[in-house]
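> So the protein sequences, as listed, match chains A and B. The numbering of the first sequence is the numbering used here, which starts it at 1 and goes up by one. The numbering of the second sequence is the numbering used here, which starts it at 153 and goes up by one.
Calculated directly from the structure, the hints in this document are not laboratory data.
Here are the simulated BS3-like pairs of lysine-lysine, each with C-alpha atoms no more than 25 Å apart in a straight line:
1) B:K168 x B:K297
2) B:K255 x B:K269
3) B:K197 x A:K45
4) B:K269 x A:K103
5) A:K145 x A:K45
6) B:K166 x B:K295
7) B:K285 x B:K255
8) A:K133 x A:K143
9) B:K255 x B:K168
10) B:K255 x A:K117
11) A:K103 x A:K16
12) B:K269 x A:K117
From chain A, some residues computed to sit far from chain B (all C-beta separations above 12 Å):
13) A17
14) D32
15) R36
16) D72
17) R94
18) G128
19) K133
20) L138
Okay, the calculated bits of chain B under chain A, using three or more residues with CB under 8 Å as the criterion:
21) 191-200
22) 203-214
23) 234-240
24) 263-271
Glycine is no exception: its CB is placed at the ideal position from the N, C-alpha and C atoms.
Next come the chains, spelled out residue by residue.
Protein chains: 2
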Amino acid sequence: MSTSMHAAFRQAEKAKALDEVPVGAVLVCDGDIIARAHNLVMMRKDPTAHAEILVIQEGALALDTIFLSNCDLYVTLEPCAMCAQAIAFARVRRLYFGAYDPKGGGIDHGARIFSQKTCHHIPEVYGGILESKCSSILINFFKNKRTLNAPK
Amino acid sequence: MSTSMHAAFRQAEKAKALDEVPVGAVLVCDGDIIARAHNLVMMRKDPTAHAEILVIQEGALALDTIFLSNCDLYVTLEPCAMCAQAIAFARVRRLYFGAYDPKGGGIDHGARIFSQKTCHHIPEVYGGILESKCSSILINFFKNKRTLNAPK
Chain A
1 MSTSMHAAFR QAEKAKALDE VPVGAVLVCD GDIIARAHNL VMMRKDPTAH AEILVIQEGA
61 LALDTIFLSN CDLYVTLEPC AMCAQAIAFA RVRRLYFGAY DPKGGGIDHG ARIFSQKTCH
121 HIPEVYGGIL ESKCSSILIN FFKNKRTLNA PK
Chain B
153 MSTSMHAAFR QAEKAKALDE VPVGAVLVCD GDIIARAHNL VMMRKDPTAH AEILVIQEGA
213 LALDTIFLSN CDLYVTLEPC AMCAQAIAFA RVRRLYFGAY DPKGGGIDHG ARIFSQKTCH
273 HIPEVYGGIL ESKCSSILIN FFKNKRTLNA PK
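Please build the complete structure, drawing on both the sequences and the hints.
Right under this line is the structure:
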């Protein structure tokens, strides 16, 4: 479990190197990582290019199915409502996430997608995996942004 | 307004011709349709390939920005939570939708994305545009599916 979250974290580091918000994800099927992705919103000029969306797309293509029922998704940040609903559509088996996101999260916060009566698939959810590391990379990223943008 | 929803409906018809769930969308900027898309989940083997996601991606690429603040989105069905959150991320100005979706919708039903305190952008929303037509194409699509799958 921790190995896969470390792999997701390495994806977050790749996002950071591209000056993207550092969130990374991997998809695991039968013990193997079958897809890796990180946030690419700015590079792709695509507001939907979150790590989870991209890793689901890559995983579905790799397995040639829209249902990832035997797959577990690891992501460094609590998914937003968009990604949470995509995880439900893809019928992901288990969701592991790193940092909690009180402002933008859609699992334990905000829309709480999996708690909605109309949600047709609810994965097992484990939050706070490798939390400190996953949280720190985001805090430092935004701290640097503020420093860079501060008045001289 | 009605012209744009008719254009979205023609996209839904294209989806139907491909045996995809018939939902279509267009994105309008300064009076011009700058992007057209329809549901492509099965063809692309992509559980996130809803009409709204695709039309936002196409529109953002066309305008070379992730913020579609001057754009209005027309879609034949009430967006789900995934698409509603994508619409918020893209800062779409106005959302017009056709049929209401009590089971899968995320605007007036379910997660009610734009009513969440954490939602950082709320478009103007107008539901029920060309409702009967947009609803009928979906009802007939699923009726035919059931007939085809009924025991002989």
